[in-house]
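Hey, can you work out the whole structure from these sequences and the hints?
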Amino acid sequence: MPVIVNGYELSDAEMEKELPEHQGTADPMKSAMTALVLRRILLDKANELGLSGEDEDKIEALLVREVVVPKPSSEECLRHYQAHPQRFTVGELVEANHILFQVTPALDLDNLRRHAEVVLQDLLDNPANFAAMAKVNSNCPSSEVGGNLGQLTRGDTVPEFEKVIFSAEEHKIVSRLVETRFGLHIVQLGRKLAGKLLPFEQVESKIADAMQRASHDHAMRQYLQLMVGQAKISGIELEGADTPLVQ
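One gets my numbering by counting positions in the sequence shown from 1 and adding 28 to each.
In case anyone wonders, no lab produced these hints; they're calculated from the structure. Be aware that a few hints might be false.
[As the list claims (entries may be wrong)] With a Cα cut of at most 20 Å, we get these calculated SDA-like pairs of lysine to any residue:
{"id": "1", "residue 1": "Lys45", "residue 2": "Met57"}
{"id": "2", "residue 1": "Lys99", "residue 2": "Met248"}
{"id": "3", "residue 1": "Lys191", "residue 2": "Leu225"}
{"id": "4", "residue 1": "Lys220", "residue 2": "His143"}
{"id": "5", "residue 1": "Lys163", "residue 2": "Leu140"}
{"id": "6", "residue 1": "Lys73", "residue 2": "Lys200"}
{"id": "7", "residue 1": "Lys163", "residue 2": "Phe194"}
{"id": "8", "residue 1": "Lys191", "residue 2": "Thr181"}
{"id": "9", "residue 1": "Lys200", "residue 2": "Lys224"}
{"id": "10", "residue 1": "Lys220", "residue 2": "Phe116"}
{"id": "11", "residue 1": "Lys163", "residue 2": "His112"}
{"id": "12", "residue 1": "Lys234", "residue 2": "His112"}
{"id": "13", "residue 1": "Lys260", "residue 2": "Glu123"}
{"id": "14", "residue 1": "Lys224", "residue 2": "Phe194"}
{"id": "15", "residue 1": "Lys86", "residue 2": "Asn34"}
{"id": "16", "residue 1": "Lys86", "residue 2": "Glu46"}
{"id": "17", "residue 1": "Lys220", "residue 2": "Gly178"}
{"id": "18", "residue 1": "Lys73", "residue 2": "Asn34"}
Being a predicted model, the structure only gives us computed values, none of them experimental.
This is the structure we're talking about:
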């Protein structure tokens with residue numbers, strides 16, 4: 029079935045040119061066609077407004093004109109800084125050991141969880157056995173060194189693991205299983221160094237830039253959704269408007 033946007037039929041040649049840009053996506057064909065549809069919609073809008081230049085230049089000029097977000101105020105940046113001090117703290121370290129019970133598609137998750145809970149309870153009663161239990165039970169290469177992950181800083185691990193290790197009490201075993209995309213973890217904390225909070229004045233400009241980028245991304249999604257809603261499209265159903273348009 030041909031894909032038609034505002035009376036314009038997208039060609040096989042356009043798809044052949046666009047497809048290589050989407051090979052890393054879950055569905056390259058759908059992603060490429062979505063990008064072509066969105067680009068066509070914006071090109072039509074740019075032409076309607078009388079913008080000049082090459083097609084990509086017209087689209088970029090359209091987005092600069094239509095998607096405008098204000099720079100956040102100093103007060104807004106300060107509120108963000110105060111709400112997320114951990115993001116602006118340097119030198120923070122934590123020593124951690126873990127036992128990973130890896131989740132795989134063919135695995136019975138309930139049985140794995142029950143086994144992990146038994147191991148956790150045994151370690152809460154006998155913390156000195158952690159290294160030995162890690163060697164026997166952990167699916168992580170760190171099992172060979174007693175589950176030792178060494179010194180970790182923020183950004184070294186996945187967010188769900190990081191949140192636990194930086195909030196848990198040092199020299200203790202976390203009293204619950206920690207779930208991440210990799211599986212179930214039993215976590216033991218070692219030393220923790222608090223680090224130093226950078227002064228607001230030193231990070232204000234970075235906060236402002238990050239907040240403006242986030243606002244721009246949100247405004248862009250809203251604008252694309254509006255344009256899709258106003259266009260006449262057949263041959264494809266767009267599930268979202270997150271495909272990059274200008275390379």
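- Query: When the hints from earlier in the document are held up against this structure, which numbers fail?
  - Reply: Violated hints: 4, 6, 7, 9, 11, 13; rest satisfied.
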